[in-house]
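Peer 1: Quick note, this note's numbering runs 51 ahead of the 1-based positions in the sequence shown.
Misleading hints may appear alongside valid ones.
Simulated DEER-style distance windows between Cβ atoms [as the list claims (entries may be wrong)]:
hint, residue 1, residue 2, range
1, 297, 164, 38 to 44 Å
2, 286, 178, 39 to 45 Å
3, 154, 188, 46 to 52 Å
4, 143, 167, 47 to 53 Å
In case anyone wonders, no lab produced these hints; they're calculated from the structure.
Every residue gets a Cβ at the ideal spot worked out from N, C-alpha and C, and that includes glycine.
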Amino acid sequence: MSTGDLDPRERPESGPPGPNPEPEHAGTREQAWERLRSAFGLSSWRSQALAGVLCALLGFAFVAQIQQTEESGLSQLSETELVRVLDDIDDRNARLESEASQLSRDEQELESGSNQREAARQQARDRVEALSILAGTVAVTGPGIVATIDGSAGVVTAANLVTFVQELRDAGAEAIDINGTRVVVDTYFTESEDGRLRVAGADLSRPITITAIGEPDTMATAMRIPGGVADTIEQRGGTFTVETHDAVDIDSVVAPAEGEDGDDGGQGGG
52 MSTGDLDPRE RPESGPPGPN PEPEHAGTRE QAWERLRSAF GLSSWRSQAL AGVLCALLGF
112 AFVAQIQQTE ESGLSQLSET ELVRVLDDID DRNARLESEA SQLSRDEQEL ESGSNQREAA
172 RQQARDRVEA LSILAGTVAV TGPGIVATID GSAGVVTAAN LVTFVQELRD AGAEAIDING
232 TRVVVDTYFT ESEDGRLRVA GADLSRPITI TAIGEPDTMA TAMRIPGGVA DTIEQRGGTF
292 TVETHDAVDI DSVVAPAEGE DGDDGGQGGG
């Protein structure tokens, strides 16, 4: 009877069974994963630091790649093309410089024009003010003198007052007031038979106070010229005094439409 005819249960065993390889392989994989976890088991802040370093390296590589691309693009151009690129850059710079210069000139012209217009307006205002002062239509304040004349009838005449006003004008007086009456170019003086004086139709009481605005010392010196009005009045027995001031006020004004009281015996104010 052959071995093949035996019942399987009666067949002799060939030997003890071999070891099962599966558990051994499973242990190896577990050890590998454990080693990986140990290698990459970083703390949170180390992980963030590693991520930052990786990002920085990637960014550097990206910029380097762009720069390399641009350089490689220029390196591929021919000499003629490179010269054309440089010429275009020079032309653009020249246009920008020209535009900047033009803008600067425009700004200077605008500023100059504005200054000129403002200067013209100021000159016009000054001219109007000067004419208004001469016309006596506005009150005025400034440095000047206050002169006082006194004397009996016949000592001070209308002709003396006209000469006095002319001397003040020659000395640079800008505005003159006599006893509260503004003296302008057409102001006239009259004298009655009994020696009463009038200015622009208004009686002059004594003492006569004359206020003038201008350079004080110049006007005061002019009043004291030998043979002048002050000298003449004092020789007749009258009195004359003059004081200089840093500021005097002339509030009297002349109405533009004011009528004049004609008098054949009047003396022009000059």
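Peer 1: Between residue 154 and residue 188, is the Cβ distance one that fits in 46 to 52 Å?
Peer 2: 47 Å, holds
Peer 1: Residue 297 and residue 164, beta-carbon distance inside 38 to 44 Å?
Peer 2: At roughly 39 Å between Cβ atoms, residue 164 and residue 297 fall inside 38 to 44 Å, so the hint holds.
Peer 1: Against the range 39 to 45 Å, how does the distance between the Cβ atoms of residue 286 and residue 178 compare: consistent or not?
Peer 2: 42 Å, holds
Peer 1: CB of residue 143 to CB of residue 167, is that within 47 to 53 Å?
Peer 2: Given range 47 to 53 Å: violated, Cβ gap about 36 Å.
Going down the numbered hints, you'll see the structure goes against just number 4.
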